[in-house]
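Residues in the sequence shown are numbered consecutively from 1030, following my numbering.
Some clues are possibly wrong.
Here are the simulated EDC-like pairs of lysine to aspartate or glutamate, each with C-alpha atoms no more than 16 Å apart in a straight line [stated by the list, open to error]:
#	residue 1	residue 2
1	Lys1164	Glu1352
2	Lys1164	Asp1285
3	Lys1252	Glu1242
Per label pair, the in silico range of CB-to-CB distance [to be verified]:
#	residue 1	residue 2	range
4	Pro1060	Arg1237	31 to 37 Å
5	Gly1154	Gly1308	58 to 64 Å
6	Ser1241	Gly1181	23 to 29 Å
Source of the hints: derived by calculation from the structure; they are not laboratory data.
Note that the Cβ used here is the ideal one computed from N, Cα and C, for glycine as well.
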Amino acid sequence: MLAYIIRRLLLVIPTLLGIMIINFVVIQVAPGGPVEQVIAQLTGEGVEATSRVTRGSSELTPGSGQATSGEASSTSKYRGAQGLDPAFIAELERQYGLDKPMHERFILMMSNYLVFDFGESFFRGRRVVDLVLEKMPVSISLGLWATLLVYGISIPLGVAKAVRDGSPFDVWTSGFVIVGFAIPSFLFAVFLIVVFAGGEYLNWFPLRGLISEDWDQMSLMGKVADYLWHMVLPVISLTIGGFAGLTMLTKNSFLDQIRQQYVITARAKGLAERRVLYGHVFRNAMLIVIAGFPGAFIGILFTGSLLIEVIFSLDGLGLLGFEAVINRDYPIIFGTLFFFSLLGLLMNIVGDLMYTVIDPRIDFEAREV
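Using the sequences provided together with the hints, build the complete structure.
Structural data, given as structure tokens:
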């Protein structure tokens, strides 16, 4: 097992490197980089800036970037830069690290990442690590509660559907599963807001945020209740899109095990049906379901919560990444990409190890002759 873990860890290196190279190239060649963002803000062509346009000791103002007669560049590789002082553009490139060739920038970035130095945000004036640590509790809350709720619903429902395969219960619950699978999480979130958050009908739940404004003045139990009250609609929105697939996976896995020879033998020996199902079938059927828990949690945490955080105004990692992409904040984009990709690859290894925890008979070192 140790040799298998070492091999998997070594494979993380080229996989992570490949992910970073592909994304680095795609984002670097895409139009609208940080220099274009600042130019658009200075010339009044961009959307309202979400953060400052000041870096270091240089204050960037429209007046400071205008070229004098004879100094204006006739051509520029940046859209909207005509009429701006070339020295000003060069200074912007230097501040954002774009004055070096692409391969040098990539090597420098990866060398910093090896010591977990993710740099400082271009437009927020804070270290990327500090921003991630600040936003992570919100996303972890969403991901953890949604994953637990998905598993808490899907496993019992999937087992019940497998045991009652073909019955009216199986048929009408399949209708709910199909609806849940067909409705995107963000669309269901909008529906919940309209119905339950003061949209058109009821006003039972808050519309935005993770806590109320007077949270600091609440008692301990009041804080817990307020937190859970704010989490109801976002968590339900994330759950609706995740429980459908896992329910059918549980059902099919259970049905596959029920048809195995060892189940027929156990029944022939006179074992009670409950003991056959939950003493023998359940452990084997749940192997693939439970082992996938780490990966499911990472998926909900870092991908599924983006639109939910935006809709419910939850200041988490999804919203941070969305704003970073819009503003072309490269340190946040690449720093979070590296961290989350590394975490996802490690969680895949943890998922494989879960197989051996659930069923010790599994040996990844075994090879067919």
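**Consistency of beta-carbon spacing, Arg1237 to Pro1060, with hint 31 to 37 Å** = About 33 Å separates the Cβ atoms of Pro1060 and Arg1237, which means 31 to 37 Å holds.
**Asked** Is it true that the CA of Lys1164 sits at most 16 Å from the CA of Glu1352?
**Response** Answer holds: Lys1164 to Glu1352 is near 13 Å, not above 16 Å.
**Prompt:** Taking 23 to 29 Å as the hint, is the beta-carbon distance of Ser1241 and Gly1181 inside that range?
**Reply:** holds, 27 Å
**Range hint 58 to 64 Å (beta carbons of Gly1154 and Gly1308) holds or violated** = For Gly1154 and Gly1308 the Cβ distance comes to about 59 Å; the hint holds.
**Message:** Between the alpha carbons of Lys1164 and Asp1285, is the straight-line distance 16 Å or under?
**Reply:** This hinted pair is violated, its Cα atoms lying about 42 Å apart.
**Item:** 16 Å limit on alpha-carbon distance, applied to hinted pair Lys1252 and Glu1242
**Value:** holds, 11 Å
The earlier numbered hint that this structure contradicts is number 2, and it is the only one.
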